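Spelled out from the first residue to the last, the chains are:
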Amino acid sequence: MARRGGRSDRYGDLSRRDLLRLAGAGAGLSVLGILKDVGLVEGAASAGTLTVGGAGFDIKTLDPGRELENGANNIDHATYDSLVTFEGEDLKTPKPSLATGWTVSADGKTYTFKLRPNVKFASGNPLTSADFKWSIDRVRYLKGNAAFLLEGLDEVQTPDPLTVVIRMTEPHPAILPILSSPVLSAIDSKLVAANGGDASPDAKTKDQAEGYLNAHSAGTGAFMLQSYTPKQEIVLVKNPNHWRGAPKVDRVVLRNVAEPAAQELMIKKGDLDVATGIGADQVRSLTGVQGVTVKTSLASTLVYVMMNQNPQVGGPFANPKVVEAIRAAIDYNGMLALAGKGALRQAGIIPNNFPGALPGAEAAKTDREHAKRLLKEANLGDITGTLTFASDLVFYGIQANLIAQKVQEDLGTVGIKINLNGLPYSVAIQQYRDGKNQLGIWQWAADYPDVSDYLVFVPGRTVAKRTGWMADASPVAQQITQLAKATETEVDTAKRVALYQRLNRMIASYGPWAPLFQPVTPYAFRSNVRGVTFASAWMVDYYTVSKT
Amino acid sequence: MTLYRYIARRVLLLFPMLVGITVLSFLLSHAVPADPVAANLGDQAAADPTIVAAFRHRWGLDQPLYRQYLIYLWNLVHGNMGISISTRQPVLLDLRQHLPATIEIAVAAMLLSLATGIPLGMLAAVNRERPIDQAARVTSLVGVSTPVFWLGLIAIVVFYARLGWAPAPGRLSPTITPPPFVTGFVLIDALLSHRGDAAADWLQHLILPAAVLSAYSLGIVTRMTRGSMLEVLGEEYVRTARAKGVTRWAVVVRHAARNALIPIITIVGLSFGGLLSGAVVTETVFSWPGLGLYAFSSATSLDFPAIMGSGIVVAAVYVLVNLVVDVAYAFFDPRIRVA
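Residue numbers (numbering that gives the first Met the number 0), protein chains in the order written: chain C, 0 to 547; chain U, 0 to 338.
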């Protein structure tokens with residue numbers, strides 16, 4: 000503000016000629032020149048404020064009980080705390096957060112957490128186990144976008160103010176990483192209940208706290224929500240009473256800068272401290288720019304081609320030989336080049352950064368002669384198909400259009416003719432979810448940092464169902480379904496990983512997908528900004544960031 | 000017909016027109032072969048029938064279509080435009096937050112194109128077939144035919160990145176705390192709260208997007224002024240005035256321009272609607288948080304209340320501006336009223 004006052008004094012420097020230029024400026028460009036001359040044009044932001052550029056702003060709500068989007072996880076991770084968390088970019092080892100430690104019962108159904116003593120909400124209310132019970136029950140009964148995270152929950156018990164017991168109906172080792180989600184963080188139940196919050200089984204109709212939680216945060220997090228203007232801007236201020244000690248920046252201003260090229264220019268000039276909405280093009284042009292660090296973070300996402308196994312929809316693509324031929328026809332190296340620096344091949348359906356992933360050597364290889372042989376064996380004559388994709392969808396900076404064209408070209412080399420069917424996202428995804436895509440390009444991004452989120456590829460489950468691959472489709476499908484049941488309830492870590500690998504290998508061999516690549520999220524920050532880490536679960540953790 | 004009766008008739012016509020707009024935008028947005036569930040619920044949630052049912056119930060999508068429309072209309076009559084699915088706040092509040100930003104750049108662009116286009120068109124007409132005329136014609140052609148998206152990016156690269164004359168895209172610098180929200184217009188709110196810093200910062204941010212957005216209407220205004228001036232300059236009364244010894248510029252400014260500029264009023268009305276709807280691209284490129292960005296993201300997420308709200312507001316502003324234009328026209332040219 001002091002700088003600002005100093006600047007306005009310089010209005011006095013405007014000469015009469017300057018004023019005439021101001022008045023007569025046609026396109027207004029000379030006005031810009033004058034404003035620059037008198038030093039009015041904004042320079043870099045001050046040290047206490049971290050300016051972050053995000054693109055798209057997928058945030059629909061900041062209410063932890065109702066959100067699921069990446070952008071909202073980013074803000075709620077800064078303003079709330081969960082029982083457990085992950086540190087930096089690691090998404091394999093849950094670490095203590097509001098819980099100092101936990102025990103798991105022998106049957107794998109009961110998870111007991113000890114809460115950190117003397118933690119206070121930003122309001123000053125003390126945190127107790129009752130707040131966790133209230134918050135988790137609320138998510139469960141709101142039946143919002145994230146209610147599925149609590150599938151299999153029996154009840155939350157609070158034997159004493161510092162103990163939270165989570166009882167599941169089945170052994171459910173995935174609940175630990177799931178509990179790191181900002182959705183399941185502790186809400187100040189007294190404060191929010193006084194502002195319309197409800198966690199009873201009727202919360203779906205009774206809870207009226209969403210408006211309150213979009214204007215105020217009610218957590219123990221390092222930051223507090225100062226203002227939220229949907230689709231425009233979010234301002235966070237530091238919580239001086241945060242239990243880990245106050246964060247290193249006073250304020251975080253998150254702006255929606257929709258155009259990646261604009262983010263590139265802004266970070267180059269220092270008008271943004273962190274840019275999270277850039278694509279592969281910006282990575283290329285920002286690499287080597289002085290004062291800017293560019294990084295990529297592996298996304299827990301698989302981009303794949305699906306081939307419908309329902310013969311009425313899939314036609315020739317329901318034939319296992321055709322499926323295998325397509326896997327052999329795709330030019331994976333070309334696909335990786337398209338995906339940009341840092342993107343990885345993926346051998347199965349489980350991303351490389353999760354336990355259960357397969358070594359790269361097992362990934363399908365491009366072998367077009369083999370593909371042609373398989374097509375000959377299938378003996379289906381000329382094969383033509385329709386590839387559906389969302390033409391307005393951008394997979395981590397890569398346009399869906401480009402991937403579709405590449406698939407069309409690759410399959411053309413073995414004699415499969417592909418018609419491209421690009422549709423608006425909301426139309427394309429509807430058809431896909433209804434199981435009506437013959438061939439499609441889609442992605443599966445982990446909803447929480449655990450491999451169990453990839454069980455959707457098991458025959459008869461969410462993704463497989465859309466692909467027409469049902470649990471009773473074949474003896475192999477039945478076998479995989481059985482294996483999946485044993486895998487998801489296995490409590491022993493080593494056995495669990497081995498089971499997931501086996502499952503992954505079987506789906507890779509018999510499933511109707513061609514895994515294209517595991518994408519990366521590019522991001523950039525100014526060199527005077529330190530401690531920037533990016534985890535796909537909640538993007539940048541502002542607590543560790545400092546600015547000089 | 001008197002001027003008052005003319006205005007009264009036009010104002011009364013507004014209401015059936017607005018009802019028509021609600022029917023049209025309701026039918027159009029529901030004709031899309033997609034479901035808001037697909038656009039608003041995650042993959043896992045969409046696979047859970049109880050979550051889908053809760054979503055449909057919350058947003059009234061479990062009602063038959065005609066009832067959804069009647070409920071909407073009933074609420075609208077009572078001043079309630081519903082809650083936006085993608086911002087979870089009343090659409091009326093969303094519009095109050097987004098519309099002023101769009102009006103800011105639309106008005107600034109209009110003023111810029113008039114301030115530049117009219118003198119340019121007049122100069123071109125007076126100096127017909129001379130270099131200045133050629134230059135004006137090229138300017139107008141470029142303005143009309145250049146894609147705003149490209150022009151915007153080039154403007155940012157040149158004036159922000161290279162020359163450093165313009166500030167970063169956005170409506171205010173991140174270091175500036177916005178003035179307290181009263182009208183939503185930064186200039187007015189800044190003046191009300193004596194925040195000269197915010198007003199100055201806003202003005203710097205405004206100029207470049209407004210200039211880019213004005214390119215199209217600048218082209219049209221220049222062309223229209225030139226054409227209309229040429230026509231008037233050939234009229235007998237202009238020749239008479241010259242013959243009487245009135246100086247050339249006095250004839251151009253006092254006699255010719257006053258008559259030639261009447262058609263420009265129409266252009267203002269037509270272009271203003273274009274500026275409102277055309278602001279989508281400019282707003283995207285310049286991160287200008289206006290109605291265009293809001294309407295676009297509402298459409299892609301099938302946020303029905305927001306789509307309806309944006310449609311009604313843009314249509315209403317368009318209709319109102321045209322009403323003002325027609326009234327102004329009737330005021331300046333009595334022949335309109337007689338007809």
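If you are wondering where the hints come from, they were derived from the structure by calculation, not from laboratory data. All values reported here derive from a predicted model rather than from experimental measurement. You may find that some hints are simply not true.
Stretch-level coverage of chain U by chain C, calculated; a stretch enters the list once three of its residues show a Cβ under 8 angstroms from a Cβ in chain C [claimed, not checked]:
| no. | stretch |
| --- | --- |
| 1 | 62 to 76 |
| 2 | 81 to 94 |
| 3 | 166 to 175 |
| 4 | 225 to 237 |
| 5 | 256 to 268 |
| 6 | 281 to 290 |
Ideal placement from N, C-alpha and C gives every residue a C-beta, glycine not left out.
Now the hints, each set against the structure:
1. 62 to 76: violated (count 0)
2. 81 to 94: holds (count 7)
3. 166 to 175: holds (count 8)
4. 225 to 237: Since 0 is below three, the answer is violated.
5. 256 to 268: Contact hint for the stretch 256 to 268 of chain U vs chain C: violated, 0 residues under 8 angstroms.
6. 281 to 290: holds (count 5)
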